[in-house]
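Chemist: Chain residues, written in single-letter form:
4 protein chains.
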Amino acid sequence: MAERYPGGMHQTIAAGLTELLGDSAVVRAVTQDQPEHGLPDEVLATTDVLTWWGHATHAAVDDAVVDHLHQRVLGGMGLLVLHSAHFSKIFRRLMGTTCSLAWRNSGDTELIWSVNPSHPITAGVPQPIVINEHEMYGEFFDIPAPDELIFISAFSSGEVFRSGCCWRRGKGKVFYFSPGDQEYPVYHHPGIKRVLANAVLWARPEHSADFSAHAVINQPAPRFNRPGIAEGVGA
Amino acid sequence: MAERYPGGMHQTIAAGLTELLGDSAVVRAVTQDQPEHGLPDEVLATTDVLTWWGHATHAAVDDAVVDHLHQRVLGGMGLLVLHSAHFSKIFRRLMGTTCSLAWRNSGDTELIWSVNPSHPITAGVPQPIVINEHEMYGEFFDIPAPDELIFISAFSSGEVFRSGCCWRRGKGKVFYFSPGDQEYPVYHHPGIKRVLANAVLWARPEHSADFSAHAVINQPAPRFNRPGIAEGVGA
Amino acid sequence: MAERYPGGMHQTIAAGLTELLGDSAVVRAVTQDQPEHGLPDEVLATTDVLTWWGHATHAAVDDAVVDHLHQRVLGGMGLLVLHSAHFSKIFRRLMGTTCSLAWRNSGDTELIWSVNPSHPITAGVPQPIVINEHEMYGEFFDIPAPDELIFISAFSSGEVFRSGCCWRRGKGKVFYFSPGDQEYPVYHHPGIKRVLANAVLWARPEHSADFSAHAVINQPAPRFNRPGIAEGVGA
Amino acid sequence: MAERYPGGMHQTIAAGLTELLGDSAVVRAVTQDQPEHGLPDEVLATTDVLTWWGHATHAAVDDAVVDHLHQRVLGGMGLLVLHSAHFSKIFRRLMGTTCSLAWRNSGDTELIWSVNPSHPITAGVPQPIVINEHEMYGEFFDIPAPDELIFISAFSSGEVFRSGCCWRRGKGKVFYFSPGDQEYPVYHHPGIKRVLANAVLWARPEHSADFSAHAVINQPAPRFNRPGIAEGVGA
Numbered sequence: 331m332a333e334r335y336p337g338g339m340h341q342t343i344a345a346g347l348t349e350l351l352g353d354s355a356v357v358r359a360v361t362q363d364q365p366e367h368g369l370p371d372e373v374l375a376t377t378d379v380l381t382w383w384g385h386a387t388h389a390a391v392d393d394a395v396v397d398h399l400h401q402r403v404l405g406g407m408g409l410l411v412l413h414s415a416h417f418s419k420i421f422r423r424l425m426g427t428t429c430s431l432a433w434r435n436s437g438d439t440e441l442i443w444s445v446n447p448s449h450p451i452t453a454g455v456p457q458p459i460v461i462n463e464h465e466m467y468g469e470f471f472d473i474p475a476p477d478e479l480i481f482i483s484a485f486s487s488g489e490v491f492r493s494g495c496c497w498r499r500g501k502g503k504v505f506y507f508s509p510g511d512q513e514y515p516v517y518h519h520p521g522i523k524r525v526l527a528n529a530v531l532w533a534r535p536e537h538s539a540d541f542s543a544h545a546v547i548n549q550p551a552p553r554f555n556r557p558g559i560a561e562g563v564g565a
Numbered sequence: 331m332a333e334r335y336p337g338g339m340h341q342t343i344a345a346g347l348t349e350l351l352g353d354s355a356v357v358r359a360v361t362q363d364q365p366e367h368g369l370p371d372e373v374l375a376t377t378d379v380l381t382w383w384g385h386a387t388h389a390a391v392d393d394a395v396v397d398h399l400h401q402r403v404l405g406g407m408g409l410l411v412l413h414s415a416h417f418s419k420i421f422r423r424l425m426g427t428t429c430s431l432a433w434r435n436s437g438d439t440e441l442i443w444s445v446n447p448s449h450p451i452t453a454g455v456p457q458p459i460v461i462n463e464h465e466m467y468g469e470f471f472d473i474p475a476p477d478e479l480i481f482i483s484a485f486s487s488g489e490v491f492r493s494g495c496c497w498r499r500g501k502g503k504v505f506y507f508s509p510g511d512q513e514y515p516v517y518h519h520p521g522i523k524r525v526l527a528n529a530v531l532w533a534r535p536e537h538s539a540d541f542s543a544h545a546v547i548n549q550p551a552p553r554f555n556r557p558g559i560a561e562g563v564g565a
Numbered sequence: 331m332a333e334r335y336p337g338g339m340h341q342t343i344a345a346g347l348t349e350l351l352g353d354s355a356v357v358r359a360v361t362q363d364q365p366e367h368g369l370p371d372e373v374l375a376t377t378d379v380l381t382w383w384g385h386a387t388h389a390a391v392d393d394a395v396v397d398h399l400h401q402r403v404l405g406g407m408g409l410l411v412l413h414s415a416h417f418s419k420i421f422r423r424l425m426g427t428t429c430s431l432a433w434r435n436s437g438d439t440e441l442i443w444s445v446n447p448s449h450p451i452t453a454g455v456p457q458p459i460v461i462n463e464h465e466m467y468g469e470f471f472d473i474p475a476p477d478e479l480i481f482i483s484a485f486s487s488g489e490v491f492r493s494g495c496c497w498r499r500g501k502g503k504v505f506y507f508s509p510g511d512q513e514y515p516v517y518h519h520p521g522i523k524r525v526l527a528n529a530v531l532w533a534r535p536e537h538s539a540d541f542s543a544h545a546v547i548n549q550p551a552p553r554f555n556r557p558g559i560a561e562g563v564g565a
Numbered sequence: 331m332a333e334r335y336p337g338g339m340h341q342t343i344a345a346g347l348t349e350l351l352g353d354s355a356v357v358r359a360v361t362q363d364q365p366e367h368g369l370p371d372e373v374l375a376t377t378d379v380l381t382w383w384g385h386a387t388h389a390a391v392d393d394a395v396v397d398h399l400h401q402r403v404l405g406g407m408g409l410l411v412l413h414s415a416h417f418s419k420i421f422r423r424l425m426g427t428t429c430s431l432a433w434r435n436s437g438d439t440e441l442i443w444s445v446n447p448s449h450p451i452t453a454g455v456p457q458p459i460v461i462n463e464h465e466m467y468g469e470f471f472d473i474p475a476p477d478e479l480i481f482i483s484a485f486s487s488g489e490v491f492r493s494g495c496c497w498r499r500g501k502g503k504v505f506y507f508s509p510g511d512q513e514y515p516v517y518h519h520p521g522i523k524r525v526l527a528n529a530v531l532w533a534r535p536e537h538s539a540d541f542s543a544h545a546v547i548n549q550p551a552p553r554f555n556r557p558g559i560a561e562g563v564g565a
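Residue numbers (our numbering), protein chains in the order written: chain A, 331 to 565; chain B, 331 to 565; chain C, 331 to 565; chain D, 331 to 565.
Some clues are possibly wrong.
Copies of the same chain are indistinguishable here, so a pair counts whether it falls within one copy or spans any two.
Stated by the list, open to error - Keeping only pairs whose Cα atoms sit at most 25 Å apart, straight-line, the calculated DMTMM-like set for lysine to aspartate or glutamate is:
no.: 1; residue 1: 523; residue 2: 393
no.: 2; residue 1: 523; residue 2: 536
no.: 3; residue 1: 419; residue 2: 393
no.: 4; residue 1: 419; residue 2: 463
Since the hints were made in silico from the structure, they are not lab data.
Next comes chain A alone, as it looks inside the complex (with noise of 0.2 Å):
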């Protein structure tokens, strides 16, 4: 891996966004072995987007991150959701389901195909994008119908899997996307880039700057009982 990302998978991820994205985002990369795993308070209060990497390690995550984490998303902070992150605490606790899915590391080649292409995702994106050697990740994917499907990828041993994949939950928006085996230099490749960049701009709070997620409310005078309105109606 060290070959493959000098500085760390994290970095390539953040240099590629910011050679898309340019003066229009402040891009900051953490590990998983910094304090609160680089995510205290004041970094995730000036978070629009996160990007999560993990591999192996999940269950060494603190709850406590993930909670602040799983609040922060249902604000309407934005979160992709890379590759072995399907196993992450944050994406199961998001769908509520196994996120079980089949996989094989033989470098087989990947297709990643747009099954939405006027989807902002899939912007000057090629149709597909060509992986030559990749881990395989298959179906059945264990997660709730997406919202939007984007992206379905075949494999040259034969598989397909729902590598793109939108969500809406709270006030955020959540992106699976299947790429990036730490074996294979995927996050080089221009066609990831994009996809990465593209999401990012997609996930961006829309417009509820609060970021305090949906309470229960006691609802205060209801609007249906001012004179005249209900007895007259339909008369």
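Go by the hints and put chains B, C and D onto chain A.
Modeler: Relative to chain A, chains B, C and D alone:
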């Protein structure tokens, strides 16, 4: 509540199902104060569809029971979530959102309209179901977009609510149905009883009787690599 | 084609349904060259689910028959749309889109994967269905997002295709299933026969046996204006 | 109507868009009585989003114009369908259903509730929008399940209606919004004007500026058949 439901609300719900489903269903009722909330292995293992009502004491529900329930739903057990159980641990875990809503208890009339009149849950159900007095549940209801929206309620105070919603999670089917506040005799209503009976039939496991949740698999032999297939294609 | 389907493809499809559904289904086969394409009133009026295969001569299908079919589907008749019938008048009318796709006839292997393994259409269906040689249908398939996505196909040439898709239209259910090119003996395949039989059962009318399409109604008396309801609420 | 909309309803709608969108939008208004209903090639070819209101004279709309509109929407033009245009030829063609509904003109109060409060169409829109008097549109509304449900209306007479619905068709986006009966000054309402302006922004073509609809393609060379890929995989 003892007045409206002398044997307990659970007995009224159970009696309604038995009345409409007859011998085709074996109906059992359990309560939160039983050991394991009445849901030990041998009960869950022989339950096709579970109906869950809860209020105020959600936090007292044992996490181990919720874990078990969750696995069971993902494995194919149907789940009907009733009224204030929108805040139950099991529903929030399956949805991944806050499941918050607006409410007010002021005896509003509720009209329940089908927006999916050929769906099996609406068979034999009047359009609309009229509940003369009920607690108001209103939007915004913070749930994932339902896979199928079945009912929308109007309240005489002016609110609306997505009162009947279907989702698939794993192999299981989930139906949320909002009527059923303990201060009103809602579960005696013929239209409500019909919806519950229909929903039990709808939520039955389809065909995967093993009830194991989907698991990650290291997929064996690929299928495209027989000689001659790939290199000769399109020639 | 006479070699693969000596009695005609329609007879093979019909025989497959009879084999799997037995006495529970009365199966009839008609062809385009019959008067009214074999679909006069008395036939349509006694059909619960119609299976439609067509190729090359879509334009010759009588618009009056299509009008009748359309009303019938909106009234509750199930419709299975097979292979090249993606370009049939009835399917395009129900979808509202071009229903275009990518294709190539070069004997590719097709693997049909379920992405909805607890759906009734997938009961008893192998994962994947393997068709050794078939015409390729690929994305982008210009359809409305399916209400339920059931199957995705992979082709040995690298393409993918949403090959099994469900929609509700009016009171009727529509299932598109892409296998079935006339140059390959696809409808003799046990897995394909199983899907068709399952889909017939799934597409049956639910409960609105009148088969009339929804009509605009000038809704009578409102329901909230009984004395005391509206003006007293929330007081 | 001349009293409520002295320059015509179309001028009020256009003025509302100009007021809120400013220089970012060039707004034009045309009417049915113009040649080609004011929509010749040079107009459609330079229109990103079309707003359509119609009533009573749907049948008089030229099928050739509808064909042209349909192709244009499938090619990426946004379409806003207003009020009684649920029965317009273009909307019914895009939906594939009867688009029937229940209605009654008895001056009911309408409350329009967002069920998707982080969707861009709801930005800056009050919860609910209150229309003191309006024609009632009620369920069942015979449309395909919306890709995104945005608004639900309550009427003081007790009905509900899915009053704001989004669909993608081809490359185009379609928004149906039910307020706007000619007997009430609805398009002067600030909340309604805000929804229309937001919807215009939402419905803009994403990035496929050629505006051609998707066409069937005989897909060229496959991508998996380079030497060594397929036969070696998984070995």
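Chemist: Next step is simple, just say for each hint if it's right about the structure.
Modeler: Going through the hints against the structure:
For the identical chains of this complex, residue 523 and residue 393 are neighbours neither inside a copy (30 Å) nor across copies (41 Å), given an alpha-carbon limit of 25 Å. In this assembly of identical chains, the alpha carbons of residue 523 and residue 536 lie at most 25 Å apart whether taken from the same copy (23 Å) or from different copies (19 Å). Proximity of residue 419 to residue 393 under the C-alpha cut-off of 25 Å is found in both arrangements, the shortest distances being 8 Å within a copy and 17 Å between copies. In this homomeric assembly, residue 419 and residue 463 never come within 25 Å of each other (Cα to Cα): the closest approach is 28 Å inside a single copy and 42 Å across copies.
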